[in-house]
Amino acid sequence: MGHVTYLAHDGRAYEVELEDGLSVMEGAVRNGIPGIDADCGGMCACATCHVHVADEWRAAVGNPGEQEDELLELAPERDDASRLSCQIVMSPQLDGLVVHMPESQH
Amino acid sequence: MSAAAAIIADTASPAVDNVPLAELDPARPDRFRSETWQPVFERLRREDPVHLSENGEFGRYWSITKYNDIMAIDTDHKSFSSEPGITLVRTADQQQGSPFQGMSMFIAMDPPKHDIQRKIVTPAVSPMNLQLLEPIIRERAAKILDDLPVGEEIDWVDKVSMELTAMTLATLFGMPQEDRRKLTYWSDVVTAVPGQGLVDTREQKLEIFSEYHAYFTRLWNERVNAEPTGDLISMLAHDPATRDMPPLEYFGNVILLTVGGNDTTRNTITGSVYALNRNPDEYRKLRADPGLIPSMVSETIRWQTPLAHMKRRATRDVEFRGKQIREGDTVAMWYVSGNRDDEVIDRPDEYIVDRARPRQHISFGFGIHRCVGNRLAELQLRVIWEEIMKRFPEIVVVDEPKRVYSSFVKGYESMRVVIPRRN
Numbered sequence: 001m002g003h004v005t006y007l008a009h010d011g012r013a014y015e016v017e018l019e020d021g022l023s024v025m026e027g028a029v030r031n032g033i034p035g036i037d038a039d040c041g042g043m044c045a046c047a048t049c050h051v052h053v054a055d056e057w058r059a060a061v062g063n064p065g066e067q068e069d070e071l072l073e074l075a076p077e078r079d080d081a082s083r084l085s086c087q088i089v090m091s092p093q094l095d096g097l098v099v100h101m102p103e104s105q106h
Numbered sequence: 001m002s003a004a005a006a007i008i009a010d011t012a013s014p015a016v017d018n019v020p021l022a023e024l025d026p027a028r029p030d031r032f033r034s035e036t037w038q039p040v041f042e043r044l045r046r047e048d049p050v051h052l053s054e055n056g057e058f059g060r061y062w063s064i065t066k067y068n069d070i071m072a073i074d075t076d077h078k079s080f081s082s083e084p085g086i087t088l089v090r091t092a093d094q095q096q097g098s099p100f101q102g103m104s105m106f107i108a109m110d111p112p113k114h115d116i117q118r119k120i121v122t123p124a125v126s127p128m129n130l131q132l133l134e135p136i137i138r139e140r141a142a143k144i145l146d147d148l149p150v151g152e153e154i155d156w157v158d159k160v161s162m163e164l165t166a167m168t169l170a171t172l173f174g175m176p177q178e179d180r181r182k183l184t185y186w187s188d189v190v191t192a193v194p195g196q197g198l199v200d201t202r203e204q205k206l207e208i209f210s211e212y213h214a215y216f217t218r219l220w221n222e223r224v225n226a227e228p229t230g231d232l233i234s235m236l237a238h239d240p241a242t243r244d245m246p247p248l249e250y251f252g253n254v255i256l257l258t259v260g261g262n263d264t265t266r267n268t269i270t271g272s273v274y275a276l277n278r279n280p281d282e283y284r285k286l287r288a289d290p291g292l293i294p295s296m297v298s299e300t301i302r303w304q305t306p307l308a309h310m311k312r313r314a315t316r317d318v319e320f321r322g323k324q325i326r327e328g329d330t331v332a333m334w335y336v337s338g339n340r341d342d343e344v345i346d347r348p349d350e351y352i353v354d355r356a357r358p359r360q361h362i363s364f365g366f367g368i369h370r371c372v373g374n375r376l377a378e379l380q381l382r383v384i385w386e387e388i389m390k391r392f393p394e395i396v397v398v399d400e401p402k403r404v405y406s407s408f409v410k411g412y413e414s415m416r417v418v419i420p421r422r423n
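In order, the protein sequences belong to chains A and B. Residue numbering for the first sequence follows UniProt numbering, beginning at 1 and increasing consecutively. Residue numbering for the second sequence follows UniProt numbering, beginning at 1 and increasing consecutively.
Calculated cross-link-like contacts (lysine to aspartate or glutamate; reagent style DMTMM-like; alpha-carbon spacing at most 25 Å): (1) B:Lys113 / B:Asp329; (2) B:Lys119 / A:Glu73; (3) B:Lys66 / A:Asp37; (4) B:Lys119 / A:Asp80.
For the record, the hints were derived by calculation from the structure and aren't laboratory data.
Working from the sequences, and respecting the hints, build out all of it.
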């Protein structure tokens, strides 16, 4: 179990306790957090669960894989901290993770 | 049984189940015009989800009909290329040379070129631009609806769906509004099958193409010689990656943006009115809770599936679900069938405006070619419905709409409706 903070574009913060093995996308969807659409259901096939990982967590979270990287290109607000949250899986190393949600998902 | 299901049962051809599998040709456009495509895909999903057709008017091609299989192919662009085109082409047109020969558009390109060109047009549908567009679209939607007569039969396609989407697209292209209906016309000509209504012959189609081409060449020349503006043509004319592209590549991209930018949304707007009429309980739900509009919009995009398929070409031999797809083979991903796959979507034949996960549909495609204008489409649908609900308690579909003769564009040529009264 690890703690995740989702910071919405409007400044609101959502806190979730996420079971190890579940993705950060699932943490948002299961708790009804707005701002993560996850249209493809976590198959790394769209870019609608885009998040920006907080600077201090980027090393722990790591870089996107090849397919994820291509899909992130679809996201209008992509930057170096961008990841698809369906590809970030909770583990003890990520307890306390903070992610920023973009203005909208494309 | 819902009204929609009853209609489907009425028109279903019992013959489909008796046809030998090998002869099933899901791309036959007549079944889309007559709305009898469902039993074919139902049978393929059940008996032969990766299906080879060889003898129909579209020649030899594979049909992928299950949701997850479509997603697997759509996201594997290395094995399944989008070049040279993304729609099935009739054998006759392949032999004659299609009117699109020599044209290319970024939807029919592979990386890296695809990524570069797609990125150039993306700002037109960015969140910031959509915020700017929303009040403009709303004002236009309000005007269109306010001008509709009450108690008289009208063609909803012509008076509302075409108008709103053409206005939006003209704005994105930076065109004068008085030319907007040229866009709907050209868009229809692009996908028209000669002899099925809009154009009689291939030659006539080419003639109209040359007017379309001349118009956009003029637009390009105007933009190239002016300061950059935010419109799509200006973006293409000024970006270092596209300003020197061959004229036919520019025109190809114009076609892509024209068809993608109005046909799909237009047909989904019409589809929403039709589906709500066929499912009066759902219409009641929506009226009782207009907060359901966004969910109804996604459900309509799934239920309508405005583009029935996308085509790929295998770049290598692939064993897929036990079938041997060979290098060079044509593969059709049937979005229209994926959206009816009950292994992924609960009660997929029913139209349900408050589904648990309405955004889970395959109409926008998945992977790097996923629809670039998806949010603009949803925005136009949401706004028109917000404005409809403010004005009309009901829109009544008078009789069955006339559907498009195409297994690519799944839509409506006309649909007669009456608005009984205003709020």
